[in-house]
Amino acid sequence: MVQLRPRASRAPASAEAMVDESQPASEEEAEHGLLLGQPSSGAAAEPLEEDEEGEDDFDDEAPEELTFASAQAEAREEERRVRETVRRDKTLLKEKRKRREELFIEQKKRKLLPDTILEKLTTASQTSIKKSPAKLKEVNLQKKNEECEKGSDSKKVKVQKVQSVSQNKSYVALRLKDQDLRDSRQQAAQAFIHNSLYGPGTNRTTVNKFMSLANKRLPVKKAAAQFLNNAWGTQKKQNAKKFKRRWVIRKMKTPR
Amino acid sequence: MGEFKVHRVRFFNYVPSGIRCVAYNNQSNRLAVSRTDGTVEIYNLSANYFQEKFFPGHESRATEALCWAAGQRLFSAGLNGEIIEYDLQALNIKYAVDAFGGPIWSMTASPSGSQLLVGCEDGSVKLFQITPDKIQFERNFDRQKSRILSLSWHPSGTHIAAGSIDYITVFDVKSGSTIHKMTVDRQYMGASKRKCIVWGVVFLSDGTVISVDSAGKVQFWDSATGTLVKNHLISNADVLSIAVADHEDSFVVGTAEGTVFHFQLVPVTSNSSEKQWVRTKPFQHHTHDVRAVAHSPTALISGGTDTHLVIRPLMEKIEVKNYDAALRKITFPHRRLISCSKRRQLLLFQFAHHLELWRLGSTVATGKNGDTLPLSKNADHLLHLKTKGPENIICSCISPCGSWIAYSTASRFFLCRLNYDQDNISLKRVSKMPAFLHSALHILFSEDSAKLFVASNQGSLHVMQLLEGSFKHLHTFQPPSGGNLVTGHRESLGGHIWQMKTLELHCTVPAYNFPVTALAIAPNTNNLVLAHSDQQVFEYSIPDKQYTEWSRTIQKQGFHQVWLQRDTPITHISFHPKRPMHILLHDAYMFCIIDKSLPLLFLDLLDEKTLVAVERPLDDIIAQLPPPIKKKKFGT
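The listed protein sequences correspond, in order, to chains A and B.
Heads up: the first sequence runs through residues 1 to 256, numbered per the numbering used here.
Heads up: the second sequence runs through residues 1 to 636, numbered per the numbering used here.
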């Protein structure tokens with residue numbers, strides 16, 4: 001039997017299905033919902049897409065008749081189309097990513113040294129060391145070598161003599177990273193001591209206040225040891241001086 | 001007596017550097033003091049506290065720990081991560097070994113003196129073996145989480161206490177593993193956001209560990225159980241250092257407020273055998289942080305940021321109560337930092353990294369005794385000569401004619417020629433020093449400015465001829481005994497005098513127990529006047545090769561009691577050109593003229609320090625020191 005009136009439960013679903021054309025997922029879901037909804041209503045052929053105006057239309061038009069098979073075929077078509085679009089999108093994204101990766105590799109390659117020098121270094125049968133001709137600390141080096149031989153636990157020391165890597169010049173290379181590390185550690189240590197003795201939380205006063213304490217307690221109170229602050233308003237004083245000079249010159253110029 | 005116009009010079013802005021570590025050597029009764037600029041000084045406590053040797057500083061060396069090891073060897077370690085051994089004979093650095101643990105915060109020698117322990121920034125405690133010529137790394141102990149700031153060995157050598165941030169660890173030496181980890185409260189009976197830094201630990205033979213920390217507490221711990229036994233809150237500010245006596249019945253701590261406290265082990269009641277630690281004496285001799293203390297058998301020694309070294313003898317330990325039992329405060333270095341060119345009235349000031357040349361002001365007014373004459377021409381700052389490199393200047397000198405300046409650092413020697421025309425002055429450095437001239441302990445120009453005497457630290461004395469544009473080497477003296485020969489200050493027990501014209505060994509001054517603090521040769525009579533650290537003055541006649549008559553009579557009579565009781569050594573002797581009977585001497589507090597014809601001395605006292613009339617008021621020095629702790633005084 002053909003039902004003239006759409007079922008309340010189904011109407012919102014079908015409206016959604018018709019409205020969100022752009023969302024294939026929801027459409028799919030809606031379709032699935034509709035499809036699922038069908039068996040409960042019986043095997044009778046029911047119109048899936050009914051005219052909304054069907055209710056208000058007083059035409060004597062009979063609704064379209066759609067067989068179950070055709071509807072099913074249509075649904076499958078829809079599904080296939082949706083799947084196609086998804087797959088296309090995915091492949092597009094993949095390609096984009098691939099292109100980006102290649103671009104990065106290109107850039108990285110450009111940054112590194114040309115292959116010729118790298119080959120030279122590796123064939124010189126030494127581990128690759130960053131060259132730093134500016135810092136040649138020989139004494140340091142010898143000691144580090146000694147320590148290396150002793151086998152003490154030193155992980156940073158990797159100093160070796162590089163033999164004629166370029167143009168028959170033999171020099172000693174030193175890892176800059178080690179020296180920076182050492183300096184930074186020393187600075188950190190000094191900062192620690194400064195902080196713990198003079199940093200926030202310590203009860204420190206200025207030398208001026210310290211030496212003026214005795215003056216304050218005298219029976220005849222005297223001023224502080226360094227009463228004047230000569231550094232106050234230096235900019236103002238400089239400006240005033242300049243202005244005065246200019247004013248005097250101006251006064252001299254105008255004959256009065 | 002003679003009238004003098006005294007130039008009171010106050011523009012020498014010399015600020016000594018603060019004391020960082022102090023180490024006392026019991027066997028030789030010597031004290032090693034290291035300062036914040038890397039200088040290490042050695043004081044001979046039995047020779048009236050005279051500073052006999054010093055090692056110049058270096059910019060990269062920030063020493064944090066100093067210790068004596070077996071056989072009179074001195075080691076220091078610092079924030080550059082290296083352990084340095086000092087050669088006391090040659091007065092230079094023997095070698096520096098990198099410990100590979102980052103900056104080193106603490107170092108201690110084992111009771112047997114054959115091993116050295118260092119505490120590093122990364123939390124590791126490293127053990128080194130002391131071999132006859134070097135030190136060798138042995139092994140690491142268990143690594144801790146934060147930096148190791150203080151170390152102490154148990155007198156038997158089996159355990160070690162290490163103080164870190166917020167906790168103290170007790171290690172077993174044989175295995176290197178931690179036995180106990182004792183947590184230190186951040187604040188006395190409370191909580192605080194600031195971490196508690198354990199600045200010092202001491203391990204006693206009965207297993208007690210004494211720790212001092214930044215919350216102002218002195219705590220006693222039992223190392224067998226790892227628990228706190230007693231807690232003393234002695235200060236609002238940090239307690240920075242601790243040192244215990246050999247007999248373990250007293251120890252001394254220094255705080256950041258400048259107070260030094262003495263703790264003693266006293267019986268609970270007058271006839272009980274049970275003893276307890278009691279805080280007995282506070283001393284306030286410092287104005288700034290006391291960062292280092294040491295305990296000799298008879299005295300408490302402290303030094304800190306206010307650059308004074310204070311030696312306080314303990315009354316109960318001294319048998320004879322004489323002037324020795326008074327407080328000693330050593331403020332200024334016992335060596336010369338100023339040289340003067342008489343002809344041109346120039347003064348050369350020596351600082352750590354630069355030299356300043358000033359011309360003295362002049363006046364035309366005259367007045368009575370004690371008047372302050374107004375200057376008609378102010379003092380001129382002529383030259384500011386900076387050295388290159390991180391090393392400190394050891395010694396410097398200007399020739400009497402004013403045209404040569406020589407100075408030396410630990411590795412190089414510099415000679416410059418000055419040219420004067422009208423009022424301008426130009427400096428030209430003489431390059432190409434001879435290879436053997438590395439560093440000099442003392443430099444002296446001859447009276448006619450034609451010869452330069454350089455005493456190197458290898459023990460030889462070089463004589464250079466100074467010509468108009470260049471200079472050439474004339475002669476090298478090698479002391480026959482190989483002792484340390486230093487021109488101007490004869491440090492070894494025998495002094496040698498050479499005849500200048502014939503360049504051969506003329507005579508030998510007989511040896512004396514105490515080192516010489518100053519000597520000078522009188523121009524007219526050719527007598528050598530020596531002043532020793534025990535305040536004895538001798539006069540030796542060079543042509544006759546024996547002591548003069550005056551000197552012999554003085555020795556028979558003995559010096560006046562007041563003279564002998566002066567505590568600072570005589571630093572300079574000079575002579576009045578027209579009065580051969582007068583000798584002018586000065587030390588840190590006094591300037592005096594000895595008239596040989598009179599039976600006694602004439603004293604002319606001036607209150608501040610005079611260095612050939614250069615004054616350095618103590619207040620000025622304090623004004624340039626780092627900030628001290630705030631003290632709340634009632635009514636201010």
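Honestly, the hints are just simulated from the structure, not real lab data.
Note that the structure is a prediction, hence the values are computed from the model and not measured.
Wrong hints could be hidden among the right ones.
[Said to hold, decoys possible] Lysine-lysine pairs mimicking DSBU-like chemistry, simulated, CA-CA at most 35 Å apart:
#  : chain 1 : residue 1 : chain 2 : residue 2
1  : B       : Lys181    : A       : Lys209
2  : A       : Lys209    : B       : Lys386
3  : B       : Lys386    : A       : Lys216
4  : B       : Lys134    : B       : Lys193
5  : A       : Lys98     : A       : Lys108
6  : A       : Lys209    : B       : Lys193
7  : B       : Lys145    : A       : Lys209
8  : A       : Lys222    : B       : Lys193
9  : B       : Lys329    : A       : Lys222
10 : B       : Lys174    : B       : Lys275
11 : B       : Lys230    : B       : Lys281
12 : A       : Lys216    : B       : Lys329
13 : A       : Lys177    : B       : Lys329
14 : B       : Lys145    : A       : Lys177
15 : A       : Lys90     : A       : Lys108
16 : A       : Lys244    : A       : Lys221
17 : A       : Lys96     : A       : Lys111
18 : B       : Lys342    : B       : Lys275
19 : B       : Lys53     : B       : Lys275
Lys216 of chain A and Lys329 of chain B were given as a pair; does the straight-line alpha-carbon distance stay at or below 35 Å? OK: Lys216 of chain A and Lys329 of chain B at ~27 Å, within 35 Å.
Within 35 Å, alpha carbon to alpha carbon, are Lys209 of chain A and Lys193 of chain B? 27 Å, holds
Would you mind confirming whether the straight-line C-alpha gap from Lys53 of chain B to Lys275 of chain B stays at or under 35 Å? 41 Å, violated
For the pair we were handed, Lys98 of chain A and Lys108 of chain A, check the Cα-Cα distance against 35 Å. 16 Å, holds
Between Lys244 of chain A and Lys221 of chain A, is the straight-line Cα distance small enough, at 35 Å or below? Violated, at about 38 Å.
Can the restraint linking Lys386 of chain B and Lys216 of chain A be considered satisfied, given a maximum Cα separation of 35 Å? Outside the cut-off at roughly 42 Å; violated.
Holds or violated: are the alpha carbons of Lys329 of chain B and Lys222 of chain A at most 35 Å from each other? Holds - the C-alpha atoms of Lys222 of chain A and Lys329 of chain B are around 29 Å apart, at most 35 Å.
Are the Cα positions of Lys174 of chain B and Lys275 of chain B separated by 35 Å at most? Judged against 35 Å, a Cα distance of about 32 Å means the pair holds.
Check whether the Cα positions of Lys209 of chain A and Lys386 of chain B lie no farther apart than 35 Å. 34 Å, holds
Distance restraint between Lys96 of chain A and Lys111 of chain A, which requires alpha-carbon spacing of 35 Å or less: 23 Å, holds
Next pair to validate is Lys222 of chain A with Lys193 of chain B; report whether the Cα-Cα distance is within 35 Å. Distance of about 39 Å is beyond 35 Å: violated.
So if I understand the rule, the pair passes when the alpha-carbon distance is 35 Å or less; does Lys181 of chain B with Lys209 of chain A pass? Answer violated: Lys181 of chain B to Lys209 of chain A is near 42 Å, above 35 Å.
The earlier numbered hints that this structure contradicts are 1, 3, 4, 7, 8, 13, 16, 18 and 19.
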